[in-house]
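J.: Each chain, written out:
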Amino acid sequence: MNVLMFYLFSGIILIFSLLSITTRRILRAAVYLLFVLVATSGLYFMLKYQFMAAVQLTLYAGGIVVLIIFSILLTHHITHRFKHPNLTKLLMGIGATTVGIGLVITTILSHSFKAGTAPELPVDMTVIGNQLLSTGKNGYILPFELISILLLAAMIAAIVIAKKENNKNSEI
Amino acid sequence: MTGYTYTIFIILIPLVMFLVTGLLGMKWKPIVSGILGTIGMGIAWTLSLITAGSYFFGTHGAEGFQAIIPFEIKWLQFTETLIIKMGILLDPISVMMLVVVTTISFMVHIYSLGYMKGEGGFARFYSFLSLFTFAMLGLVIATNIFQMYIFWELVGVSSFLLIGFYYQKPSAVAAAKKAFIVTRFADLGFLIGILILSFVTGTFDFAKLTEPGTTIFASAASMSFMGISAMTWAMTLMFIGGAGKSAMFPLHIWLPDAMEGPTPVSALIHAATMVVAGVFLVARMFPVIHFQAPATQEIIAYVGGFTSLFAAVIAITQYDIKRILAFSTLSQLGYMMLSLGVSGYGGEEGLGYMASMFHLFTHAMFKALLFLGAGSIIHAVHSNLMQDMGGLRKYLPITHITFLIACLAISGIPPFAGFFSKDEILVAALEHNKLLFAVEYIVAGLTAFYMFRLYFGVFWGKDQHYHHTPHESPMTMAIPLMFLAFMSIFSGFLPFHNLITSDKMGFETHTDLMVAIPSVLIGVLGIAMAWILYKKESVVPAKMAKSWGILYTATYNKFYFDEIYLFVTRKIIFNYISRPIAWFDRHIIDAFMVGIGLVTEKVSYQIKGMQSGQLQHYAFAFVAGTLAIALSMIYLLM
Amino acid sequence: MIQGIPLEHFLIVSTIMFFIGVCGFIIRRNLITMLMAIELILNSVNINFVVFNRYLYPDQLQGQFFSLFVVGIAAAEASVAIALIINIYRNMKNIEVENVNEMKY
Amino acid sequence: MNILTLLVLIPVLTMIGVLFTKDYKGARLVSAIGMGVELIATVYLVLAYLAARKTGMMHEMLFTSDFIWYPSLNIHFAFGVDGIAVAMIGLTSIVIFAGIFASWELQFLTKEFFVSLILLVTAVYGFFISLDLFTMFLFYELALIPMYLLIGLWGTGPKEKSAMKLTLMLMAGSALIMVGILGLYYNSAPGGGPLTFNIIEISKINIPVAAQRFFFPFAFIGFGILGALFPFHTWSPDGHASAPTAVSMLHAGVLMKLGGYGCFRVAMFLMPQAAKEMAWIFIILTTISVVYGAFSAIWQNDLKFINAYSSVSHCGLVIFALLMMNQTAMDGAILQMISHGLMTALFFALIGMIYGRTHTRDIREMGGLMKVIPFLAVVYMIAGFASLGLPGLSGFVAEMTVFVGSFQHQDIFHRVVTVIVASSIVITAVYILKVVGMLLLGPLKDQHHAHLEDAKWYEKLSTVTLVLAVAAIGIAPLWLSDTIVASLKPIVTRLATVIPF
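Those protein sequence lines, which keep their order, are chains A, B, C and D.
Last residue of the first sequence: 172 (my numbering), numbering continuous.
Last residue of the second sequence: 638 (my numbering), numbering continuous.
Last residue of the third sequence: 105 (my numbering), numbering continuous.
Last residue of the fourth sequence: 501 (my numbering), numbering continuous.
Hints may be right or wrong, so weigh each one.
[To be verified] Some, not all, of what chain B presents toward chain D, calculated at C-beta under 7 Å:
(1) THR79
(2) GLU80
(3) ILE83
(4) LEU154
(5) TYR166
(6) SER171
(7) PHE199
(8) TYR576
(9) MET593
[As the list claims (entries may be wrong)] Pairwise CB distance ranges, derived in the manner of DEER restraints:
(10) D:GLY356 - B:LYS462: 53 to 61 Å
(11) D:ILE420 - B:PRO580: 14 to 22 Å
(12) B:GLU601 - D:ILE284: 30 to 38 Å
Simulated from the structure, these hints should not be mistaken for laboratory data.
C-beta: ideal position from N, C-alpha, C; glycine also.
Whole structure, please, built from the sequences with the hints as guidance.
T.: Structure follows, in structure tokens:
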């Protein structure tokens, strides 16, 4: 069952990510991306990282994709179809992809990973909450706070960048 | 030995006069510089005469006249042994040259007071004259070959300055340049000769070089280059230096042009003193040349002989009176060189050496006289060309008489000075080389002919249309003429054979009638032909000229040597060496250097295009680069 | 840890996903789709973190936290990127990446 | 205070003083006073040096002092002079003194001009007194920067291009020098122990021969570029032609000597084996330099180009003589540096003055200037005579010492190149007389030149200073030659005693 589910999710991820970069309708691309993200969260569930999976669903699938769709709607007509990609770039992308996939996969396969033998740590909210806000060993208070500042900064930056300027030069 | 310390003043007085008149002369009235220079020269002349008197006629040992060095300082040290010194060397030839130089120079100083009167740059003229006299005196009393070279160069430059005295006249400037560059070229030979000689012997000193039985040449025997021994190279190269200064063929071309200078300068430099520097150099190095480089001595003899014939032939066809005298000087210098070339060493064998010095002395007197006389004529008629002259004996009596004396002296008519010295040369030539004797014999006749062609053409014939009646020169000009005429008559009786000999020992000479009578006869024959052809205005010379055709034209144009040299320098060196090099430098080497810069700029302009602004290109470059690094690290380096 | 699924399979999936993202970034003309490609890349990396954590070091949580932070940064990035895109759209009337080359050379 | 520190301090103080002046009159006055004081200090240095040698101080370097500057790399401010450095310092002081007066009338950004000029000269002093390779290199670089500004701002003609070319080529040279110096540094302790930049300490050990072979060409060509070594000389005609008078004087007179000085002090002295091995290559190059420069000069029409090519020829002779590696020839090389420095400075000063009057440097457009500006013309002739090696002026002494020295070699190769090089004196005579004949003699060519003013007092002061120096060396060369020879002894001994490869 688990095995089957893994291959199902994997198949969804691969197929829809491929579709998402090849489709000529932008809104479809966003939806395909959504499927990929959801399938990924499925993988997280299978790996028993429920919190991670939930974050993935809410933040990624719920937040970022919606943001992307909004911006698509702001900038495109629904019926807009892309032109075919530039041939040089296509060749470049496919070449780099093939070589890269080949290289990484051969490397992965030639390397023997040693599975950890330690007992699994239960990943419940208490553990995550404690670690996220602890200052001791395995504590992540500093990155946590930094991330919050970063998010604030990004928010302000996004507003500053995107807001209409008052001078004539930036009139649409 | 130290009794001659005062000789240093002979050198220093002209130097001081040069500095004083050169730096302050323009602030004074011109005549002050002239008088000052003349007085200084007079003192130097007196001192020279005193030196000569006490050197030649004072007491000296049984081993002949010894070289005396009354003064010497170290000037520059090259190596432990090679040291340039500045000093004074008194031996028979240098003392004789002291007398010659100061005498002629003094006479020219006096003469110029009249001749140069009213010319611009009077003070400059006198300061250059003093500079020249200083340099020439330094040359003759040099104690070592390098000191000689130093003054040799100074003489060259003062000659340049004096030839170019009328610096606003392009022909004078060109002549000055030519004189300097040709002699400079020859000096290069001199310099390399010195380098070889000093390397072989490890010394510059004449005393060591000319010492009889010296061993410093021991190492020379093993050295040779291109099959010719080192000493032959050295001496031949040095002779090239001497030939340049003495205007031997084929380096003679500057001397006729040098007549662009003021006439007193021609008399001083280009007749009596500087041009004999080459002869003096050969005489100075005579023992070395004779013993170490006999091949060079042969060359000297033949070059001398050829030059004398060559110049005499050209002299016949010229019309510029100063040029005739210049070619005559060449011819006489050829005599002197030839005489040294055929001379042996010691006693009677050294007759040629003695004769050469004797002729140098007498020639200085009568050639200076001829030039000063010519100056007097030019002063009177304001032209250099024979066509503009004629019948001048009525107007210029003193000049006429003195000129006649000089002509007789140079033609070798007894009892004038030239007869004795020329006779000795002919005897020396006869003893060693019949061919050269024959040449000199012919030249003696030619000399008489062209000198009297000049004499008759100028003083006889009919009057030309002069702008104003020619008048005799002032006393300042006449006195030197008379003095030199006196010397031209009587200097032949000086007992040179007792005083100036190759090994410093006197010997007895006797006039060889078998040589003397034919030589006088051919002289008289030459005079007679000139009398017939030029005494009266006649058409014969023109007809003769026409009948000789090309040969005459070639001779008149000095066998086109000027043109050949001009071709070589202008066309070949300037156009085909210098110009391509200049072009090469600008267009190849510099272009290459600039090219490096341009290529850098071009390449950077090109690769700038890679910064296309296309984000995806950058991304691809990033990914591809990462992959390439990863690949190379995994598969190549491991 | 999922019984019967070796670590390598996860890695292969994430690798392919990663390079699809790279490929998408290189070939797409539209800025927003490029942004999506970036999300794909980040996502594939997240999978790697999580999987390594689970398979190799099950007693720790670094991988998971790293993934969390990545998600957070991805959110920040997306918001700034979209702000930029909108600004570009305002100035250029489209969001073709090939037109955004003002700062070349 | 150490006299050497004073030598660098005086120009620095002068620079500061110039900064506080109000107008061009003040700037030039302060500069002149400063350089006058510098000249006096130099005279004092020369006297003190001679006196010290007389009392039997046999150290290689005198007046040494040493401050650590950057301990972790063992970089020092190490100062000291020997006879050669003293002679070069003397040259510098005379040239800059004359140079200040030659640019007396400059009124465009005068203050900045004098500051740059004096900065340049400070660097030159620093270079000559440094005993530490790094400090030496620092001063060398310091000298290049003001050069660019001086030519680019105050020059004439295509000044920016020339300045760029000159600076880039010299910078390329200094890149090579840096490689050479670092090579020396990292090989300065072959047996272990601390590395050093100090010239004297490096000279006491033998750098490994392989390292010498590798680094010698870098150091030698690097300095050679500044010394106008063929084929790296092409910056010289352009640079000199465009530079303002005082800069041409200083550049041709002193800066080009930095090259020659560096060639033997750094490259040859510290890497003797390699120097001996490779000398023949550079001898051929310099022989070409000498003859080629002279021939090129014949065909030029611009006065400054003629002089620049003549400098190529004469500086080629310097390096040629250095490579002969015997005492006499190297003595000649140093003499030639000084002699050429003085006379070329004189030339450029005169060219600047003539250009300032006629507004042309093309000899075809001038003629007969002797009548109009006799003082300048006579001095020009004296400079010309010095250049073509007239006895009594410095050129003769230097050239003869070089020729005699280089002829002391036994083998045919050295002899033949000596003869070829010696033949350049004839070519030199040709182009000098060509210029003198066209420019000064003959009838006045351009009637506009009929009422030119002859030299003013400051121009007279400038030229007479140089003429006196040229004549003093030419008339009494012995003391200078002896001083140089005494200081050359350790160098020559070291070159002579290296183990043959």
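J.: Would you mind marking each hint as holding or not holding in the structure?
T.: Quick rundown of the hints versus the structure:
1. The interface hint given for THR79 (chain B) holds, since its Cβ lies 5 Å from the closest Cβ of chain D, which is under the 7 Å cut-off.
2. At a threshold of 7 Å, the smallest CB-CB gap from GLU80 (chain B) to chain D is about 10 Å, leaving the interface hint violated.
3. The interface hint given for ILE83 (chain B) is broken, as the beta carbon of that residue sits about 10 Å from the closest beta carbon of chain D, more than 7 Å.
4. Below 7 Å, beta-carbon pairs count as interface contacts, and LEU154 (chain B) has one with chain D at about 6 Å; its hint therefore holds.
5. Because the closest C-beta pair between TYR166 (chain B) and chain D is about 10 Å apart, greater than 7 Å, the hint is violated.
6. The interface hint given for SER171 (chain B) is broken, as the beta carbon of that residue sits about 10 Å from the closest beta carbon of chain D, more than 7 Å.
7. Against a cut-off of 7 Å between C-beta atoms, the interface hint on PHE199 (chain B) holds, since the closest Cβ of chain D lies about 6 Å away.
8. With 7 Å as the threshold, the beta carbon of TYR576 (chain B) stays out of range of chain D, its nearest partner Cβ sitting at about 11 Å, so the hint is violated.
9. Annotation: interface hint on MET593 (chain B) holds; nearest CB of chain D at approximately 5 Å, less than 7 Å.
10. A C-beta distance of roughly 59 Å is found between GLY356 (chain D) and LYS462 (chain B), which places it inside the suggested range of 53 to 61 Å.
11. Taking the beta carbon of each, ILE420 (chain D) and PRO580 (chain B) are about 18 Å apart, inside 14 to 22 Å as hinted.
12. Checking the proposed 30 to 38 Å range against GLU601 (chain B) and ILE284 (chain D) shows it holds: the Cβ atoms sit about 32 Å from each other.
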